Amino acid sequence: MLCGIDLGSRSVKLVITDTAGKIEFTNVFETVRFYREYGKRHQDGLVVDFEALGVGQISEVIATGYGRNTIDIVGATVIPELKAHALGAIWQTGLTDFTLLDLGGQDSKVIKVRKRKMVDFATNDKCAASTGRYLENMASVLDISLEELSRYSDNPVELNSTCAIFGESELIGRIVEGYGIPELSAGVNYTIYKRIKPMLTSLISDTIVFTGGVALGQAIRRLIEQELKREVVVPQHPQLNGAIGCVAHALEKREQNAARN
Amino acid sequence: MSRIGITTTVPIEIILASGQVPVDLNNIFITDKEASKLVEAAEDAGYPRNICGWIKGLYSTVVNSNDIDKVIAVTQGDCSNTHALMETLELAGVQTLPFAYPFDRDYDLLKLQMDKLIAALGTDWEAVGKVTNRLKSLRQKVAEIDRLTWQENTVSGFDNHLFQVSCSDFDGDADSFEQRVDEFLAKTQAAAEFNENIRLGFIGVPPIFTDLYTYFEQMGARVVFNEVQRQFAMPNVVEDLVEQYRLYTYPYGVFGRIQDIQAEIEKRNIDGIIHYVQSFCFRQIEDMIFREKLDVPILTIEGDKPGRVDARTKLRIDSFLEMLK
Ligand code: SF4
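Heads up: the sequence lines are chains F and C, in that order.
In terms of the working numbering, the first sequence opens at residue 1015 and continues consecutively.
In terms of the working numbering, the second sequence opens at residue 2 and continues consecutively.
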């Protein structure tokens, strides 16, 4: 069994597959809880307690995530995060030329892939605007669920601040003006679209693969399709894409080795 | 001998000819053990948060020092923030002398600026000519360090950066600086070749990060071209000093810089470019132009306050190097 782990800033994504790549187990943990419950400190770094996870015998662990120098999982192969995401998207969609948009808890990434290779990328820097965290904040201001928030994309109210903090008071101002949940939610979703648009257009392809926790919702996907007039593909496991990429990396290596022998 | 602070490269031949000591404030600021405290001190004094860390560091460096009471500020060709920097320094009792590089590289205007500086510092062209001659051989030696970096691969990207960037003021003393250059060159003769696979070019202002070059090397890459630092060192030694400062690319338009960069990318066999930009700097806009005009992969990294490279920037560097493999 192979295990891919994506150690994100807010959640840890774990995928376990058999050696043919068939997914056997997946889970998303809150980062701190994962370290507390399944991580054991060892003098060489962190040991993942697979027994506690109840997932049987693991033959290979491949990890990626927030700053590969800060990851120190004993016995794991560590691969750079953007590479993992590109590999995951190729593996999940079978596409070879596309632009990957990944919107996670705190980061957004855009990766341009040509002939299965990453050729350029952009990431948001040092700011949690246009990410899951911003959406969560806004949903709680509106007192609705994230799922509800992600339904609306029509008639967005105008919001200028994409800052996760300042955005709140602006949104409250709109509530006071009497707008309803659909327009308010659409406005929130539209600010995300506005934020990622420059990154997307500078690295555009005919097809956009959309991953990360935010891709689980509908609104932003619709906005990208409507405004940029491109096909948007959300793979089966958008949130697990990085972890799947880890497994894909191992499978690729195995294939190469087999071909050599 | 009095010390004159400079905010970026100016014709130091003139300062030296006047018998005074040029001090590049940037170098003093960034090598200070408490560099980030200097930035905070400027903020405490009222500098806005969303202003470049270099400017704030320069302000505190001058205000804190007890032997710099005069500053030559480059008011055109470097940074428009320098205007307000000058004004706040004046407020703090520091005398400032403006120097402007003409945007269109006009020879006569540049000469006029140099004439004025000569008059202000009380020297003449004859004395300046002597210093220019004296510095020629030194500039050539520093150019040799640069050649060894990319051609012989015996000098690290950081050492290259350090020697080139130090040429803005020759560390205040050209003779002892030359001695250090000589020692370094002698030592390098026996040095082993660096064998990192990925060859990088570094463009943009010198980084405010303290360990950037080490990090590249740790990840299997090395910098074989330091664009602005090399310009500070003025590798093109010509007879006429005005012409020398006209050939210097940094203070003029971006397209002249691009020509220089393009030529060096080819000559030095560069795989990828790191474009360093400073938070809140107008030069961030020029990133657009570099991306359009240069046809090698570019990674833009942004620094704000002095300190070590942060995890997020490391992630971007890792991915970029992976892409170049
Ligand atoms: S980095 Fe930019 S803003 Fe900062 S001092 Fe230099 S030119 Fe000015």
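Hints listed in this document are in silico derivations from the structure and should not be mistaken for laboratory results.
A few of these clues could be false.
[Unchecked claim] Here are the simulated DMTMM-like pairs of lysine to aspartate or glutamate, each with C-alpha atoms no more than 25 Å apart in a straight line:
{"id": "1", "chain 1": "C", "residue 1": "LYS326", "chain 2": "F", "residue 2": "GLU1266"}
{"id": "2", "chain 1": "C", "residue 1": "LYS131", "chain 2": "C", "residue 2": "ASP109"}
{"id": "3", "chain 1": "F", "residue 1": "LYS1126", "chain 2": "C", "residue 2": "ASP296"}
{"id": "4", "chain 1": "F", "residue 1": "LYS1131", "chain 2": "C", "residue 2": "ASP272"}
{"id": "5", "chain 1": "F", "residue 1": "LYS1126", "chain 2": "C", "residue 2": "GLU323"}
[As the list claims (entries may be wrong)] Far from chain F, some chain C residues (derived; all Cβ distances over 12 Å):
{"id": "6", "residue": "MET2"}
{"id": "7", "residue": "ALA42"}
{"id": "8", "residue": "GLU91"}
{"id": "9", "residue": "ASP172"}
{"id": "10", "residue": "ALA175"}
{"id": "11", "residue": "ASP176"}
{"id": "12", "residue": "GLU179"}
{"id": "13", "residue": "ALA193"}
{"id": "14", "residue": "THR301"}
{"id": "15", "residue": "THR314"}
{"id": "16", "residue": "ASP319"}
{"id": "17", "residue": "SER320"}
{"id": "18", "residue": "LYS326"}
As the structure is a prediction and not an experimental result, all values here were calculated from the model.
Virtual Cβ for every residue (Gly too), placed ideally from N, Cα, C.
Legend entry - Numbers of unmet hints, in rising order: 14, 15, 16, 17, 18
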